[in-house]
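Line order of the protein sequences matches chains B and E.
Converting from the first sequence to this note's numbering requires adding 302 to each position, the first position being numbered 1.
Converting from the second sequence to this note's numbering requires adding 302 to each position, the first position being numbered 1.
Keep in mind that the hints were calculated from the coordinates and are not lab data.
These figures come from a predicted structure and were not determined experimentally.
Honestly, I wouldn't trust all of these hints.
Which copy is meant is left open, because identical chains are indistinguishable; a pair holds if it fits in one copy or across any two.
Subject to a maximum C-alpha distance of 25 Å in a straight line, what follows is the list of computed DSS-like cross-link-like pairs (lysine-lysine) [what the hints assert, rightly or not]:
| hint | residue 1 | residue 2 |
| --- | --- | --- |
| 1 | Lys337 | Lys396 |
| 2 | Lys492 | Lys417 |
| 3 | Lys492 | Lys375 |
| 4 | Lys375 | Lys396 |
| 5 | Lys348 | Lys417 |
2 protein chains.
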Amino acid sequence: MSLPRIAVDAMGGDEGVRVMVSGAALARRQHDQFKFLLVGDETRIKAALDAHPNMRGASEILHCEDVVGGDEKPTQALRRARTTSMGLAVNAVKAGDAGAAVSAGNTGALMAMSKLALRTMPGIDRPALAALLPSLGDHDVIMLDLGANTECDARNLVQFAIMGAAYSRIVTGQAEPRVRLLNIGTEDIKGTDQLQDAASRLRDATGLAMQFDGFIEADKINRGQCDVVVTDGFSGNIALKAIEGAARFVTDLLRNAFTSSLRSKIGFLVSRPATELLRHHLDPNNHNGAVFLGLNGVVVKSHGSANAAGVANAVAVAARLLEEDLTQRIAADLGTLQAAQSTPGEAA
Amino acid sequence: MSLPRIAVDAMGGDEGVRVMVSGAALARRQHDQFKFLLVGDETRIKAALDAHPNMRGASEILHCEDVVGGDEKPTQALRRARTTSMGLAVNAVKAGDAGAAVSAGNTGALMAMSKLALRTMPGIDRPALAALLPSLGDHDVIMLDLGANTECDARNLVQFAIMGAAYSRIVTGQAEPRVRLLNIGTEDIKGTDQLQDAASRLRDATGLAMQFDGFIEADKINRGQCDVVVTDGFSGNIALKAIEGAARFVTDLLRNAFTSSLRSKIGFLVSRPATELLRHHLDPNNHNGAVFLGLNGVVVKSHGSANAAGVANAVAVAARLLEEDLTQRIAADLGTLQAAQSTPGEAA
Chain B
303 MSLPRIAVDA MGGDEGVRVM VSGAALARRQ HDQFKFLLVG DETRIKAALD
353 AHPNMRGASE ILHCEDVVGG DEKPTQALRR ARTTSMGLAV NAVKAGDAGA
403 AVSAGNTGAL MAMSKLALRT MPGIDRPALA ALLPSLGDHD VIMLDLGANT
453 ECDARNLVQF AIMGAAYSRI VTGQAEPRVR LLNIGTEDIK GTDQLQDAAS
503 RLRDATGLAM QFDGFIEADK INRGQCDVVV TDGFSGNIAL KAIEGAARFV
553 TDLLRNAFTS SLRSKIGFLV SRPATELLRH HLDPNNHNGA VFLGLNGVVV
603 KSHGSANAAG VANAVAVAAR LLEEDLTQRI AADLGTLQAA QSTPGEAA
Chain E
303 MSLPRIAVDA MGGDEGVRVM VSGAALARRQ HDQFKFLLVG DETRIKAALD
353 AHPNMRGASE ILHCEDVVGG DEKPTQALRR ARTTSMGLAV NAVKAGDAGA
403 AVSAGNTGAL MAMSKLALRT MPGIDRPALA ALLPSLGDHD VIMLDLGANT
453 ECDARNLVQF AIMGAAYSRI VTGQAEPRVR LLNIGTEDIK GTDQLQDAAS
503 RLRDATGLAM QFDGFIEADK INRGQCDVVV TDGFSGNIAL KAIEGAARFV
553 TDLLRNAFTS SLRSKIGFLV SRPATELLRH HLDPNNHNGA VFLGLNGVVV
603 KSHGSANAAG VANAVAVAAR LLEEDLTQRI AADLGTLQAA QSTPGEAA
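Isolated chain B (complex conformation):
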């Protein structure tokens, strides 16, 4: 077997075992060479597998009963890394028993367990959480960090740019993804010292597989003008949630508007295919699967409320990253950066 298997925390998430197993089964239709390690309650996993013949021969079950709670503090969850479904899924990656772990459980706990078990890659100071967002362009835009690091220095931001570009090359197939730093203006003088320092490092770097285009403001994230948006975890989390909230706000207004009169109800029914298209574009399940980048192994976070199609997207993200060897790509770019930095006189 050339490809490592995928460990699935079958117990995490609001929907539980059935949705996690169904999602993995759906993903396996596109990625049929993958095998799975399903971690959780054996009886319930077996019951869920009954509905998915394509999974039975491809799955091993690792039984455990303990589950990390949704509101549990990361420090508390860490102590139960060896007994919980989340901890065992991550530890399978550490032990080389799997190449990737997928969980829909508590984000903070997953981050903490992943960092502790897998450690950061050589050349990476801190891992980052990256997600795919819908855009008006041909493909999703990647944004990172989304909350793993509240405060970041210029060096962290440069590493995030390299990791995000490697991820984008896999997702979009582009050789040099367009990378920008999130800022409150596009002029050189805008923003914090860290941002200006990071911009100057990225401008001066040569040989990286990306095109660095400077700063981007938050209203342009979805316009399709760039492939990777790099930011600290605080601003990234604010931007991500502001976008989610605003999209929900507009669709709520739209629903209110469409149900405000008989005429608009009829209009809504007639234009149903159009609003279905909108719903499809905005459905978080279609962009599910945030990735912890920069660890010695792939860890994918599925939305807690994702349905089977959403879980399938998260599992497919893990499969793509293993097929394309994300970790190796990031290592190669870090090597290029370090080689350039040890050669003097590269600055513009």
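We have chain B; now place chain E onto it with these hints.
Chain E alone, transformed into the frame defined by chain B:
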């Protein structure tokens, strides 16, 4: 005359004199006791006044030809404070010739000129830019700071909370507006030291005319669960622009969806009243008029691209703040805070 007049920079903004004068005229229909000082090219202002008989007797013109450019650096614009329409409008407030200034010009230049000419109120370390955002609640939500201060400490955030609450009391009529700090989670341990420190100061403060409800995440800003969202200028600018961008993204998708087939075009026409309602809710003109809070005088920034109705909203904001004496309200709350802080043993 009991109410001070309003100085209008008639030259700022993309649309120029006619829109600024028409906007003031529209606002004067609701606030007919106000008089205006219109600053800019006399010939063009006179021509614009021809269309608005209600403004003629209520307006004085202060002629000047110099205009601050949209891309001009604040430091550069500052040198021309005594010759530009923006500078003269602000200086009229300083000289007591007007109670408020309204401009649709360069935000950075307006902030710099206002700070220099009007100075911060006693007890305020830094002014903040506040705006009204649409919400699912009964009234708009106020968010501040939106970019005046890239980095803020706990003391700044507490002052922003007081200023925002005073503004909200005027806009909403509520005695104790619900105030929250923007953060990446609602648990006590989330976010930066500054945020935790600010939260603890606001929790401990007594006698302030607000209800402090802790943290809020960016996806809840528009849900109608709070009246004032307090944040540093970097995060506030990111959140504001992310919301604007996402709202535009959704409406763009909707437009594409509605024009994708004949059936959906017909649906769109039938449901026109519904989508008009949506457009009305999201139209930035209906939420126009960002306010610089914390100065010795009222300064309102109108969107550069606002139409006459938008300018009218910005002028009406200035009028409301003068009628209700915002500056005095902020001073009173600062006094309460300082009195409480000089009395020991208040902490919870």
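Checked hints:
{"no.": "1", "hint": "Lys337 <-> Lys396", "result": "within (17 Å within a copy, 73 Å between copies)"}
{"no.": "2", "hint": "Lys492 <-> Lys417", "result": "between (33 Å within a copy, 19 Å between copies)"}
{"no.": "3", "hint": "Lys492 <-> Lys375", "result": "between (36 Å within a copy, 11 Å between copies)"}
{"no.": "4", "hint": "Lys375 <-> Lys396", "result": "within (22 Å within a copy, 53 Å between copies)"}
{"no.": "5", "hint": "Lys348 <-> Lys417", "result": "neither (30 Å within a copy, 68 Å between copies)"}
Hint compliance for this structure: hint 5 alone is broken.
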